[in-house]
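With the hints as constraints, model all of the structure from the sequences given.
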Amino acid sequence: MADQSIPRRAAVPGAVARSLRAAARPVVAIVLGFVVSGLIVLATGKDPIEAGRALVQGAVGSQSAIAGTLSLATPLMLSALAFAVAFRGSMFNAGVEGQLLIGAFVSAVVGFSFDLPPILHIPLMLLAGAVGGAFWAFLPAIWRVSLRANEIVTTLMMNFIASALTDYFVLYPFRAAGQSGSAIKTATIHESAYLPRIWPPYNLTIALPIAIVCCVIVWYAFRRFVIGYEVRMVGTAPGFASSSGIDPRRRQVAVMLISGALAGLAGASQVGGVFHAFVSPFASNLGFNGVLVALLVGNGPLGIPPAAAFIAALQGGAITMELTTTISRYIVGALTATIIVFVSARRFGWPAAILARIRRARAQQTES
Amino acid sequence: MDILIAALGPGLRTASPIMLAAFGGIFTQRAGIFNIALEGYMLVGAFVSVVATYATGSPLVGVSAAVAAVALMALVMAFVVLELGADVIIVGIAVNLLASALTSFLLQVITGGAAFLRAPSGIPDVHLAAVAGVPIVGDLFANQGILVWVSLLLVPIVGTTIARTSLGLRLRAVGEQPDAAISSGVNVRRIQYVAFALCGAICGLAGAQLALGLLSLFSFNMTAGRGIIAFAAVMFGAAKARWVAVAALIFGFADAVANRMQTLGLPVQFVVMVPYVLTIQVLLLVAVPWRPRAKRSALGAAGQT
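Listed in order, the protein sequences are those of chains W and V. Residue numbers for the first sequence follow the numbering used here, beginning at 5 and rising by one. Residue numbers for the second sequence follow the numbering used here, beginning at 1349 and rising by one.
These are computed hints drawn from the structure, not numbers from a lab.
Chain V stretches covered by chain W per the calculated footprint, using a threshold of three residues with CB under 8 Å from any CB of chain W: (1) 1432-1441; (2) 1570-1581; (3) 1612-1618; (4) 1626-1634.
For the chain V half of the interface with chain W, some residues (derived, Cβ under 10 Å), not all of them: (5) I1384; (6) T1451; (7) L1454; (8) Q1456.
C-beta atoms are modelled at their ideal positions from N, C-alpha and C, and glycine is treated no differently.
The structure is reproduced here in C-alpha cells:
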C-alpha cells in the first residue's frame, strides 16, 4: 500500500545520495540498538550514560585503546570480507569460523617449521593460511555444485569439524612440551614470521593495511573486472547468467575459494601478529562476528573497514566498561545482536506506514 | 565395549535435550523455515527454567516458564522475519548471539558475578525397579528423568502430527508448495507463526531438560553447540520424526562416549566430530539421487511434447 503522505526524498545528485542512503540504515539501526540496550542497563538499576562514557573511553580514549581497537578490527575485516564475497556470489558461507581456524593452524605450522628470511617467511605463512582456508571452503563448494548439498548446512558443520580437528592436533601431535591447563599451544612460530608492527610499541601489525587493501581490491574487482561482473550476475540473476554462457557453478566455486582464502588470511594474521602460535581454544567467534560486520553494511566491501572498527570498538570498550562501572560486558553482545536485527529488517517503512495511517485517521476525525 | 555400555544411560539422558530441540526444529523446517536459532531458544529455555525454579522452588514452574518464555521469544522472531522481512538465517544468527549475551548478562546481574546459578531441585527421575537388573535395558531405562520419557513419547506424537493431522498437512503444504497452499485457502503466515511457536515451546522444554534434567544448574553458554547439533539432526533425518530421533540418539551417545573417554584421558576429538561428519555424509548421500531424478522428469516432459 503506497502512501502519499510520506514526503518523498529530496533529489540529491547521484552518488552522494546513494551512499548517504546506504549509510542511513546502519546508523538508524545503531541508534535503535543503543536505545534498547540502554533500557536494559537502566532496568538493572545502572546508569546507561555512564556505561556509554566508559565504553567510549575504553574504545578510543587513549592511544593504546585506539591501537587495541584497530588490532581487534583487523581479523574482523578479513572474516567479514570473506562472508561478503561469498554472499555476493550467491553462496552463504556460514563456515568462515572453520576456515579461519584451519588457516590459522596451517600458518602456525609454516611459521614454526621453516627457517627463512622474513621477506620470504611472512608471505609464505600468510599464503599458507589462505590456502588452508580455501581448502576448507572448497569442499562445501564442490559438494554444492556437484551434489547440490546445501552449503549453509555443510559449511556450518565444517566449523565444528575444524574446531575438533585443530583441537586434536594441538593437544596431541603438535603440542609444545611442558604445558598444562586449559589453554594449550603449538610451538611458537619463528621470529622471522612475526608480522612487523606499524605503530610501536602497540601491537598493531601490517595485517591492518593488508586487510584494508583486500577490501579495496575486492570492491574494485567487483566493479571493474570481468570475473566480478560475472559473479555479480550469478548472484543476482542466475538464469540470465547461465543463458549467456556463464556456468554459475564455476563462479560459485571461485567465490568460495576466495572467501575461504580471506578467512584463512584472517586466521594467519592472528597467528603472525597476535598469538605467535596456534592456541586452543583459538580466539573464538571471529568468524561469526565477521558475519555480523558484513551484514551491518549490507556486504559492501568499502563499508567493511569502518564497520569492523565499530564492532571492535564495542568489544574493546566493553572490557573497560565492565572494570569501571561493574556493568557486565555481555551487554555489548546484546547490543550487537539488536543492531543486526534492526539492520536486517527490510521493511523499515513499516513503522512509518503505521504512523501515517494513524495520522490520516486523526485527520479524518478532525474533518468530520 | 565397556565404555559403550556405561555410556548407554547417560547417552539417552544427553540425547534427550538434543532430541527435543530437534523435534522443535521439525516444525519450522516443515514450514519451510530454515531455523538455526534452536541454539538460542534452548539456551534461553535453560536459563528461564533455572531462574524460575530458583525463584519458586518448583521445577514444574521452571519447566512451564521455560516453555512459555521460549514460545514467546520464537513468536517475536517470527514477527521480525514475517512482518519486517528480515532474512531468517541472519535473524537466527542474531538470536543466537542475543541469547548468549543476554543470559550471560542476566546471570551476572542475578548472581552478582558468579559463573553459574544452581536450581534448588531438578526434574525427578522415574525409577523402574522392574528393569533395573536387566543388562542393557536396565542401563538404558532404569533411572531416567520425566522429560526423557516425554522426549521418547514425542517421537510418535510429532510423527503423526506431521503426517496425519490437518495442521501437519498445512505445514507441509506451506513448506513444499506455498503457492498451492495459498490457492487452497491456507493462511500461510498464520501457519508459519504456529510453526515458530511450537518450535519455541518444544525448544523451551529442551532447554529445561538440559539445565534441570542433567545438572540442575545454569552456566554461561551451557548449550555449547547442542542447538546446532539438533539442527544437524533435523537435516540428518530430513525432518521426519523417527529419523530425527535416531540422529539425536546417535549424537547423544557420541557425546556421552566422548565424556567417558575424556575422563580416561583418551583423545575425544574424533568422537566429538561424529554428528557433524555424519550429517554431511547424509546430506551428500541424499543429494546424489537428485540428479538422475531431475533428468528423468526432464526426459518425461520432453516425451510428452
